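Dock chain Y against the given chain R, drawing on the hints supplied.
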Amino acid sequence: EAGVTQSPTHLIKTRGQQATLRCSPISGHTSVYWYQQALGLGLQFLLWYDEGEERNRGNFPPRFSGRQFPNYSSELNVNALELEDSALYLCASSLLKGLATQETQYFGPGTRLLVL
Amino acid sequence: DAKTTQPPSMDCAEGRAANLPCNHSTISGNEYVYWYRQIHSQGPQYIIHGLKNNETNEMASLIITEDRKSSTLILPHATLRDTAVYYCIATYTDKLIFGTGTRLQVFP
Chain R
1 EAGVTQSPTH LIKTRGQQAT LRCSPISGHT SVYWYQQALG LGLQFLLWYD EGEERNRGNF
61 PPRFSGRQFP NYSSELNVNA LELEDSALYL CASSLLKGLA TQETQYFGPG TRLLVL
Chain Y
1 DAKTTQPPSM DCAEGRAANL PCNHSTISGN EYVYWYRQIH SQGPQYIIHG LKNNETNEMA
61 SLIITEDRKS STLILPHATL RDTAVYYCIA TYTDKLIFGT GTRLQVFP
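Those protein sequence lines, which keep their order, are chains R and Y.
Residues 1 to 116 in the numbering used here are what the first sequence lists, from first letter to last.
Residues 1 to 108 in the numbering used here are what the second sequence lists, from first letter to last.
Since the hints were made in silico from the structure, they are not lab data.
Any given hint could turn out to be false.
As a list, the in silico DMTMM-like pairs of lysine to aspartate or glutamate whose alpha-carbon atoms are at most 20 Å apart [stated by the list, open to error]:
(1) Y:K3 with Y:D94
(2) Y:K95 with R:E82
(3) Y:K69 with Y:E55
(4) Y:K95 with R:E75
(5) Y:K3 with Y:E66
(6) Y:K95 with R:E51
(7) Y:K52 with Y:D67
(8) Y:K95 with R:E103
(9) Y:K95 with Y:D1
(10) Y:K52 with Y:E66
(11) Y:K69 with Y:E14
(12) Y:K3 with Y:D67
(13) Y:K95 with R:D50
(14) Y:K69 with Y:D1
(15) Y:K52 with Y:D82
(16) R:K13 with R:E82
(17) Y:K3 with Y:E31
(18) Y:K95 with R:E54
(19) Y:K52 with R:E103
(20) R:K13 with R:E75
(21) Y:K52 with Y:D1
Now the in silico label distances, taken between C-beta atoms and shown as ranges [stated by the list, open to error]:
(22) Y:D1 with R:R63: 17 to 27 Å
(23) R:I12 with Y:E14: 14 to 24 Å
(24) R:E53 with Y:N53: 10 to 20 Å
(25) R:T14 with Y:G15: 45 to 55 Å
Just so it is clear, the structure is predicted and the values come from calculations on it, not from any experiment.
Every residue, glycine too, gets a C-beta built ideally from N, C-alpha and C.
Looking at chain R on its own, in the form it has when it is part of the complex:
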C-alpha cells in the first residue's frame, strides 16, 4: 500500500512569489494535515482538511491557505513568500476521526521550500 506522497520534493522561490505544494493521502484516508518544520522551530501544525473543508488551522497568517479536492488530495498555497517561510512542509493523512477514537496520522516525506 502506498504511503502519503508529496510533490515536489524541493522547491526554490524568490521573496514575494507564490508556492503550491501538493499532497496525496493514503488510499482510504479522508483527513489531510499540513505541518511546517522550520530550522530551529520544530514541527508546527498548519492546517487540517477533512471532507473538503478546513477544520482547523494553526497560528499562521492568512497567506497560508489550501484546499482539499474530492479525491481527498490537498494543496497548500503560500502567497507573498517571505524568507522565513523556508522550511520542510510535511503532509499527513488519517482516516476520518471517529466519535470516540483517535486516528493515527501518517506522514509523507515532505517538500523542502527555499525562499531566496
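Chain Y only, in chain R's frame:
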C-alpha cells in the same frame, strides 16, 4: 493537549534495549500518548500509541504508568538505523503538538 517533557538526548549500544522516557503529568483522561520518530529531516514515522494499557507492536513497546503521568518507549534491540529524534505527544485532538523530542544515538 498536555505538555510533554523528554530528555534532549540519549545514547544506546547497538543490540541493547533503548528506553526512552516521557513525562506528561498534566495529561487528561481522553488524551492518547503517541510516539513518532524523525530520521534526518524525513517525515515523522509513527511508532506506537496508547491510552491506558501497555502496547506492543513490531517496532516497539509502550509502557504507561498507572497514573498515566509518564510513559516509556522501549526499542527492544536497537540498531544503528534507530538513530533518530523521538517525539512523545499527548493529544486527543487532530492537531499534533511536537516538542523538541529526544535525540537517540545508537552506537556500534
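Each hint tested on the structure:
1. Annotation: proposed proximity of Y:K3 to Y:D94 holds, straight-line Cα distance about 16 Å (limit 20 Å).
2. For the hint pairing Y:K95 with R:E82, the CA-to-CA distance comes to about 25 Å; that exceeds 20 Å, so the pair is violated.
3. Using a Cα cut-off of 20 Å, the hinted pair Y:K69 and Y:E55 holds, with the two alpha carbons roughly 16 Å apart.
4. Proposed proximity of Y:K95 and R:E75 is supported: the alpha carbons are some 18 Å apart, at most 20 Å.
5. Between the alpha carbons of Y:K3 and Y:E66 the distance comes to roughly 18 Å, so the proposed pair stays at or under 20 Å and holds.
6. Under the criterion of a C-alpha separation no larger than 20 Å, the hint pairing Y:K95 with R:E51 is consistent with the structure, at around 17 Å.
7. For the suggested pair Y:K52 and Y:D67, the alpha carbons sit about 9 Å apart, so the restraint of at most 20 Å is met.
8. About 11 Å separates the Cα atoms of Y:K95 and R:E103, which keeps this hinted pair within 20 Å; it holds.
9. Taken as a hint, the Y:K95 and Y:D1 pair is honoured in the structure, with Cα atoms around 9 Å apart against an allowance of 20 Å.
10. For the given pair, Y:K52 sits about 7 Å from Y:E66 by alpha-carbon distance, which is consistent with the 20 Å threshold.
11. Of the pairs offered as hints, the one joining Y:K69 and Y:E14 is violated, with about 29 Å between alpha carbons and a cut-off of 20 Å exceeded.
12. For a cut-off of 20 Å, the pair hint linking Y:K3 to Y:D67 stands: about 16 Å separates their Cα positions.
13. Between Y:K95 and R:D50, the direct Cα distance comes to roughly 13 Å. Compliance with the 20 Å bound is thereby established for this hinted pair.
14. Distance restraint check for Y:K69 and Y:D1: the Cα-Cα separation of roughly 13 Å lies within the 20 Å cut-off, and the hinted pair is therefore satisfied.
15. A hinted pair counts as satisfied when its Cα atoms are at most 20 Å apart, and Y:K52 with Y:D82 does not qualify at roughly 26 Å.
16. With a C-alpha separation of about 10 Å, the suggested pairing of R:K13 with R:E82 holds against the 20 Å cut-off.
17. Between the alpha carbons of Y:K3 and Y:E31 the distance comes to roughly 11 Å, so the proposed pair stays at or under 20 Å and holds.
18. Distance check on the hinted pair: Y:K95 and R:E54 sit about 13 Å apart at the alpha-carbon level, within 20 Å; holds.
19. About 16 Å separates the Cα atoms of Y:K52 and R:E103, which keeps this hinted pair within 20 Å; it holds.
20. For the hint pairing R:K13 with R:E75, the CA-to-CA distance comes to about 17 Å; that is within 20 Å, so the pair holds.
21. Restraint check: the Cα-Cα separation between Y:K52 and Y:D1 comes to about 16 Å, which is no more than 20 Å; the hinted pair holds.
22. Between Y:D1 and R:R63 the C-beta distance comes to about 26 Å, which sits within the given range of 17 to 27 Å.
23. Distance hint check for R:I12 and Y:E14: the Cβ-Cβ separation is about 38 Å, which falls outside the suggested range of 14 to 24 Å.
24. For R:E53 paired with Y:N53, a C-beta distance near 34 Å fails the hint of 10 to 20 Å.
25. About 49 Å separates the C-beta atoms of R:T14 and Y:G15, a value consistent with the hinted range of 45 to 55 Å.
Taken one by one, the earlier hints fail for this structure at numbers 2, 11, 15, 23 and 24, listed in ascending order.
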